[in-house]
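There are 4 protein chains.
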Amino acid sequence: MDRKLKMGMVGGGSGAFIGGIHRMGAQLDGQIELVCGVFSSNSEQSISFGKEIYLDEDRLYKTFDEMMACEARLPIEQRMDFVSIVTQNNLHFAPAMSALNHGFPVVIDKPLCFTMDEARELRSKVKATGLPFGLTYTYAYYPMLIQAKAMVKNLEIGKIRKVMVEYPQGWLSDKLESTGQKQASWRSDPQKAGISNCFGDIGTHCGHLAEYVSGLKITEVLAGLNAFVQGRTLDDDADVLFKMEQEAKGVISSSQVAQGDENNLKFRIYGEEGALEWSNTDHNTLLVKKQGKPIQIFRSGVDNAFLHEETRLNMRTPSGHPEGYIEAFANIYRYFSDDVKHFTIDPTTNRSCKYPNIDDGFKGMALVDAVVASSVDGNVWKKIEE
Amino acid sequence: MDRKLKMGMVGGGSGAFIGGIHRMGAQLDGQIELVCGVFSSNSEQSISFGKEIYLDEDRLYKTFDEMMACEARLPIEQRMDFVSIVTQNNLHFAPAMSALNHGFPVVIDKPLCFTMDEARELRSKVKATGLPFGLTYTYAYYPMLIQAKAMVKNLEIGKIRKVMVEYPQGWLSDKLESTGQKQASWRSDPQKAGISNCFGDIGTHCGHLAEYVSGLKITEVLAGLNAFVQGRTLDDDADVLFKMEQEAKGVISSSQVAQGDENNLKFRIYGEEGALEWSNTDHNTLLVKKQGKPIQIFRSGVDNAFLHEETRLNMRTPSGHPEGYIEAFANIYRYFSDDVKHFTIDPTTNRSCKYPNIDDGFKGMALVDAVVASSVDGNVWKKIEE
Amino acid sequence: MDRKLKMGMVGGGSGAFIGGIHRMGAQLDGQIELVCGVFSSNSEQSISFGKEIYLDEDRLYKTFDEMMACEARLPIEQRMDFVSIVTQNNLHFAPAMSALNHGFPVVIDKPLCFTMDEARELRSKVKATGLPFGLTYTYAYYPMLIQAKAMVKNLEIGKIRKVMVEYPQGWLSDKLESTGQKQASWRSDPQKAGISNCFGDIGTHCGHLAEYVSGLKITEVLAGLNAFVQGRTLDDDADVLFKMEQEAKGVISSSQVAQGDENNLKFRIYGEEGALEWSNTDHNTLLVKKQGKPIQIFRSGVDNAFLHEETRLNMRTPSGHPEGYIEAFANIYRYFSDDVKHFTIDPTTNRSCKYPNIDDGFKGMALVDAVVASSVDGNVWKKIEE
Amino acid sequence: MDRKLKMGMVGGGSGAFIGGIHRMGAQLDGQIELVCGVFSSNSEQSISFGKEIYLDEDRLYKTFDEMMACEARLPIEQRMDFVSIVTQNNLHFAPAMSALNHGFPVVIDKPLCFTMDEARELRSKVKATGLPFGLTYTYAYYPMLIQAKAMVKNLEIGKIRKVMVEYPQGWLSDKLESTGQKQASWRSDPQKAGISNCFGDIGTHCGHLAEYVSGLKITEVLAGLNAFVQGRTLDDDADVLFKMEQEAKGVISSSQVAQGDENNLKFRIYGEEGALEWSNTDHNTLLVKKQGKPIQIFRSGVDNAFLHEETRLNMRTPSGHPEGYIEAFANIYRYFSDDVKHFTIDPTTNRSCKYPNIDDGFKGMALVDAVVASSVDGNVWKKIEE
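Going line by line, the protein sequences match chains A, B, C and D. Its first residue numbered 3, the first sequence is counted upward by one per residue in our numbering. Its first residue numbered 3, the second sequence is counted upward by one per residue in our numbering. Its first residue numbered 3, the third sequence is counted upward by one per residue in our numbering. Its first residue numbered 3, the fourth sequence is counted upward by one per residue in our numbering.
Since the hints were derived computationally from the structure, they do not count as laboratory data. Accuracy of the hints is not assured; some may be wrong.
Claimed, not checked - If the Cβ cut is set under 7 Å, some of the chain D residues that face chain B in the computed set are: (1) 6; (2) 26; (3) 56; (4) 60; (5) 72; (6) 264; (7) 265; (8) 315; (9) 319; (10) 322; (11) 323; (12) 324.
In this text the structure is predicted, and so the values were computed from the model without any measurement. In this text, a Cβ means the ideal position worked out from N, Cα and C, and glycines have one as well.
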């Protein structure tokens, strides 16, 4: 394909944080260009925003249905190649279904959708259409977690025993939603966020990482959800014991009331022959541990020959020139766009599926569902719907 | 009192790790001197070891009963002022009872003893005699955890919400006990270690710290114990959700199969107005966190005026001249010997009890008991015996 | 201006590292688009590369002179608004002069040029034309160094006493240039790199940072250059004592033979009332030190209200979502493009000059010149040409 | 020898920091006991202090001459075996000469003495008597620097190219000596500290470490001394370029006005095949670097089989149980007392000299002398007296 892929966007207008990140990430490598969008449910604001970011006015739509329909009618060389959906949780399902119905591949900012019913329907639809479908579980696409996955797969730490994932944030330590702060308001509102805030928002990243790096499925959970700040309906803190395939065990501790903690996702995996440790606060480092030996500091860098090939393919700079959050999005978009290109040329080809896909999205929803059920029922083990 | 206090020791002979630490810690500040002991159940080895460390031969005893009896008959200025018991878990109770029966104050290396029955009996005895009784929950006496306790008490982080304690070690990642290694062998043997290995050995430190810093009691636990290495009877890994007074919550994750982790005790406490974080790998640092403000790095040092008085009293060097593990023991021994001095002068005085005492020791035993029961019964909540 | 700025590029074709970084950095914020270029001295390769990155074939030129001439003839709405020059050191001058002669603003990857004669001529030309002219001393535009500069300017650490900058790299520990490695080959070749390798390449970053953060000029240097690897003509290691205005002092230690060090630029500045410390390996952190108080950890993040406004304007993500090297380039391009926009609308307006400009570029050249002279003459003090 | 060695002390009375450290360090391993002393030039205070630390009153002396004379007359089994001198710099020489004249081995807290004349005389005396003579360059005896020395000697990082040592402290950022603070007052007084404050006090540690780890002598220095705080006669900041044997080079940067820095001694050594890095703020870690490979974290611990034998002999605890400053003193005293024991048994035996000896002490004095001369003469190279 001798052109950039064309992307449409739903959501992500003025004031939205994640929309801008998606635009920067998608376009970073010069393989994708944003060509159209519906950036707000307020159509005036949507159009105004589209102009601000220099889009052609005739590609600025009032509703996502209009966008899907109009774009689908454009010649293949002009129309968008896929849609990126970056709205809040309760507004993922409808535009996704619309896109799929019009034959467009879809990327959604996690979580997949709002309810288990939506999740089941969306999964069926994706499988029926065979369209590429991606989800931005971003953290997994930091190079050093790609490296971790490759090392586990390559048996460098042996059979997995335990996975420890923590994700403390402090930003909801006070009742920020009372101030009208946008991010806090919708996340703490069951009508918009769903049945869980803390675990649904950040605990799911932990769950995804556990499966992604280990290659093992989480099968059961025992959870304790807390709402420490008075007046909150949804959890702002969650601890989860879990069981995985092959008798591996794990713990997820996530919190939004961890005063002074930024976004301190930390991932550790212990096997029979070694262990790996990664932290978002030092995301270009992977600690490689073998009992009785000095710990090794694996660092990112395209020039670091000791890294796996897959890791090096997901970096742009030599060691000591730090990449970050936007590049992790770019890595997902790059994998996804490879599939879209192949699909565009020949819809019958196999997918690489190196990006988080519909099954990962469904699993995330089912995990939250089981966690909430476990907590409600008094901290008992719950199986996760498959 | 114009002389050093005299200490007797039970256990801690050749090859024992913790005995030497107790001797160095107790004597570091020049206020205590070791004068007698029974260092081994083998009386020849005991005497030989006593000579090696330059003790008077007539103060080297064959059994602890002989030691208690003989020392009790010496003039008050000559005889030992207290006994330090550093034997393995199943050999704490008998010498402790003997010492108390002979009127000697006692320090025991944690845990208190071997069974709940012993614990109940020992507690009664201590309370009945009114003798000073200490336990070396060492980590709590690192200066920066003394500081943490003082800050919490002083309401500097507000009402406590959550306490997170982890303690990963890697030294039992393989079946070390099969090699005959001394430490591994008795700890993994139910006849010597008791009903738990991992949680009993290191999880209890976590539990003690949680109560010590927060000033709140742990009331209930829900635990999952694992034995990852094949052939092990006792746990080598343990995760515990817990409830505290005043609706605080917490998690303890301890492990002996955390490949490559040394002794990475980490303690975090989150309140309504701030948080504190301490790690054994950087033990002279306490991170002080307030949401929305830069994290502050509190460092040890007698010259650091921003530290609480109690903290500064437990350091010997100015900032940048690191103290360590032995000094933490010395801090406990200093507090304990203050009480012994006061008691020696006047047995009716009140105790400072600034060191871990019989109640802390009993709580440790009861905590392990409840944790094991919770795990055996399928990970359900268990109340802790008071 | 209701469109993106148009950028042309000289250099940066296949295999070049820094060209890709400039393209990503310049276009990251959606305010600039690359429209034309000469990417290689081999015109076939240049055109082939331009196609690869999806440029219009009729904007792919064979020489930079052709590019300047052709673009200058295009209508103002179509032609490039400025040129980015990312060739190796000895090929900066000619395209820069050509661009300026055709009325195009210029960005050059540091250093400014190849010789002092070129530097003097280029400075005269820039001043004569009044065109915006920028240089990518990238490190200075990491948010936390922008913060450092703002804090110093705001007198938060008082009168400056000392500036310590170190920049150890290990990549030339062996004679890498013998293997034909591209980066190593030209940098160690006096015909391409100029009179210095190590100090010219990385020591200059240190010098720039020292002046940038302190707001003080370096006036004199005393330098020791070393070539540790046998057979090298140019330095691979350099230590420099320096004097600044207002009696401040400093040290720069840069090295390319620091085995195992990546790109460990570290900057410290000490004033009468405090100190600041920044390191490239933890670039989103600034340590703020006041004698007798706990160190404060300032962290990047648009939501961190304790940061200066100027700092926050140079970030895209909230705390805990790391930005990196590419974003630092983007910050320079953003400042630069602001000036270009203002200039395009009205050439008589004042420049913001918030990016490194021609004076900074000249200073870099003069600094290297004085450092080399000092070392050659036996480590004596040398004044720096102004 | 079937008893503890007996130590006498000169200096180190009430309020002195380093005296207490020497007492704890010397006695930590149970091989040495303090038996006598002159703790203050005020004999009343001296005696009062001696009682406080429970010494026999008849071993508390009024002057060091009296002590040497009286102790020398005691039976060999009773009298002190060696003297530890912990007075301020200008009061080292006289008691040391007196001790040597009376046949007592001597340990002095560094620096050796006050003037070059004293240093020459003391060196002659020590060599003439053949008595064991030690100096507490403490940092070198942290286990991980013992490890560094062993690795260099074992050629694990190849031929040495460069040694970088920095030692920033912040405690004299303000004119602390004006407040009467004891440590600051004598150190900034040329009558008590000598010709240099900053370099003499802490720069010498850097110089010693450079020679100790590398095994190479420093031959020439080029130094810049600064007195940043107004009204100071002596330096409070010093940068030194140095040359070593075998064409190795190095830099020492030491400062007492580094606001907020504690005692941040940092040591790095770069060879043709690797590099080592150690920092006092994380003193139980040694980073081992090889270009192109992951950095390895070597950690202290008697159980770490990857450490050299000599390193393991200088530790008391397993990994993760931190030792510190006092233990480093203990290591020097242990090596020194081994020599004293051998000497006591047979004065003609060879010394191990594993502790810093008279030659190290003389070198420290000569280094300071050359550094001051270099700075005074305008930052020119100076040879160091041998």
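To see whether the hints hold, each was checked on the structure:
1. 6: 6 Å, holds
2. 26: Result: holds, 6 Å to nearest chain B Cβ.
3. 56: Check passed: Cβ of residue 56(D) comes within 5 Å of chain B, closer than 7 Å.
4. 60: With a closest approach of 16 Å, the residue 60(D) hint is violated.
5. 72: 23 Å, violated
6. 264: For residue 264(D), the interface hint holds, since the closest Cβ of chain B sits about 3 Å away, which is under 7 Å.
7. 265: 3 Å, holds
8. 315: The hint is violated - residue 315(D) has no Cβ within 7 Å of chain B, the shortest such distance being about 15 Å.
9. 319: 6 Å, holds
10. 322: At 3 Å from the nearest chain B Cβ, residue 322(D) passes the 7 Å test, so the hint holds.
11. 323: 4 Å, holds
12. 324: Residue 324(D) check passes; min Cβ-Cβ to chain B is 4 Å, inside 7 Å.
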